[in-house]
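Each residue of the sequence shown is one higher than the one before, counting from 1 in my numbering.
Keep in mind that the hints were calculated from the coordinates and are not lab data.
Treat the hints with caution; some may be incorrect.
Quick list of simulated restraints, FRET-style, between CB atoms [unchecked claim]:
| id | residue 1 | residue 2 | range |
| --- | --- | --- | --- |
| 1 | 235 | 20 | 40 to 50 Å |
| 2 | 226 | 150 | 18 to 28 Å |
| 3 | 33 | 8 | 38 to 48 Å |
| 4 | 4 | 194 | 15 to 25 Å |
| 5 | 82 | 4 | 31 to 41 Å |
| 6 | 29 | 94 | 31 to 41 Å |
| 7 | 233 | 88 | 47 to 57 Å |
| 8 | 179 | 123 | 36 to 46 Å |
| 9 | 29 | 194 | 50 to 60 Å |
| 10 | 150 | 38 | 37 to 47 Å |
| 11 | 183 | 213 | 20 to 30 Å |
| 12 | 33 | 156 | 34 to 44 Å |
| 13 | 5 | 36 | 35 to 45 Å |
Under the rule of at most 30 Å between Cα atoms (straight-line distance), these lysine-lysine pairs were calculated in the DSSO-like manner [to be verified]:
| id | residue 1 | residue 2 |
| --- | --- | --- |
| 14 | 170 | 220 |
| 15 | 170 | 222 |
| 16 | 156 | 140 |
| 17 | 140 | 86 |
Where is the CB? At the ideal position from N, CA and C, for every residue including glycine.
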Amino acid sequence: SSDERLPSAMWFLPCLFFITIAFALIQLVSLRFTRRRLITFFVVALIFSFGIMTFRRDTYFFLMLNNVCIGLSVFYSGHLYKRYEKRVPMHGILATAALILIATLSRLGHIDLAENNYGPAWFFIGGSLSGIYINIYAAKTIAQRPGWHFLDWIGKSTIAIVALHFLSFKVIILAQLTLNSRPLFLLGSFPTLDGSGAWWFLYSLIGIIVPLIASSAALKVKQVCVAYFYQIKHRIGYGSN
Numbered sequence: 001s002s003d004e005r006l007p008s009a010m011w012f013l014p015c016l017f018f019i020t021i022a023f024a025l026i027q028l029v030s031l032r033f034t035r036r037r038l039i040t041f042f043v044v045a046l047i048f049s050f051g052i053m054t055f056r057r058d059t060y061f062f063l064m065l066n067n068v069c070i071g072l073s074v075f076y077s078g079h080l081y082k083r084y085e086k087r088v089p090m091h092g093i094l095a096t097a098a099l100i101l102i103a104t105l106s107r108l109g110h111i112d113l114a115e116n117n118y119g120p121a122w123f124f125i126g127g128s129l130s131g132i133y134i135n136i137y138a139a140k141t142i143a144q145r146p147g148w149h150f151l152d153w154i155g156k157s158t159i160a161i162v163a164l165h166f167l168s169f170k171v172i173i174l175a176q177l178t179l180n181s182r183p184l185f186l187l188g189s190f191p192t193l194d195g196s197g198a199w200w201f202l203y204s205l206i207g208i209i210v211p212l213i214a215s216s217a218a219l220k221v222k223q224v225c226v227a228y229f230y231q232i233k234h235r236i237g238y239g240s241n
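Whole structure, please, built from the sequences with the hints as guidance.
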């Protein structure tokens, strides 16, 4: 609940934290029933409906529980996908249809969990499931092609990118200020100074590269420190013997 803007993208983590706990509790309770999968479905649907209704009434819960109520349905869809993954067809035709659906829905509104903007239930479900399908289809397609393994490395550094990309944008802002001879106080512009033209691509690139470098450097320092202290521990142990 901080007013700091640079780490504001981290709102996703506490939301995911509470969603994970909520779903685990639902699963624990449903185990007491014979039709536990059906019970899980109805409980998730009930919580989702409650979240949609309170959003329409402009009611905001403590600790972003609005997002938890809504995001729980997406988490549950991932649970179902994991269970029935082999039964879910992956075809380019379906991916194209999902892309067309998203393009159509984008003209009717938008979904922004950070801003507590979900739209009607059908809008959120249709847009979310279409987006999820496209991402999974693209991931499975890319995974079959050689030379694209660097995306896996980027994916494993997601937390570093989420945490540092706003700060990394300052590199591009500083370059824009220097090129256009603008005052330095504009370095405080958030999240970007000017993303028009090709600048948006540079922002995106730097927002990924700088966190990757920082993450790799931190990991290297950790490895060196661990190796150093391990050597000291070994020497002390050897000396005592």
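Worksheet entry | Pair hint residue 156 and residue 140, alpha-carbon separation not exceeding 30 Å | holds (16 Å)
Worksheet item: If you draw a straight line from the CA of residue 170 to the CA of residue 220, is it 30 Å or shorter?
Response: holds (24 Å)
Fill in: Satisfaction of the hinted span 34 to 44 Å by the C-beta atoms belonging to residue 33 and residue 156
holds (38 Å)
Worksheet item: Is it true that the C-beta distance of residue 33 to residue 8 lies inside 38 to 48 Å, as the hint says?
Response: Since the Cβ atoms of residue 33 and residue 8 sit about 41 Å apart, the hinted range of 38 to 48 Å holds.
Worksheet item: Can the suggested window of 36 to 46 Å be confirmed for the beta-carbon pair residue 179 and residue 123?
Response: Because 42 Å falls inside the window, the suggested range holds.
Practice prompt. Look at the Cβ atoms of residue 82 and residue 4 and judge whether their distance stays inside 31 to 41 Å.
Written response: holds (35 Å)
Practice prompt. Could you check the hint for me, namely that residue 233 and residue 88 are 47 to 57 Å apart, CB to CB?
Written response: holds (50 Å)
Discussion item. Against the 30 Å threshold, does the CA-CA distance of residue 170 and residue 222 hold or violate the hint?
Written reply: Holds, at roughly 26 Å.
Worksheet entry | Status of the given 37 to 47 Å range, CB of residue 38 versus CB of residue 150 | holds (43 Å)
Worksheet item: Cβ-Cβ distance between residue 29 and residue 194: within 50 to 60 Å?
Response: Holds, at about 51 Å.
Worksheet item: Given a hinted range of 15 to 25 Å, is it respected by the beta-carbon distance of residue 4 and residue 194?
Response: holds (23 Å)
Practice prompt. Confirm or reject the claim that residue 183 and residue 213 have a C-beta distance inside 20 to 30 Å.
Written response: holds (28 Å)
Of the numbered hints listed earlier, not one is contradicted by the structure.
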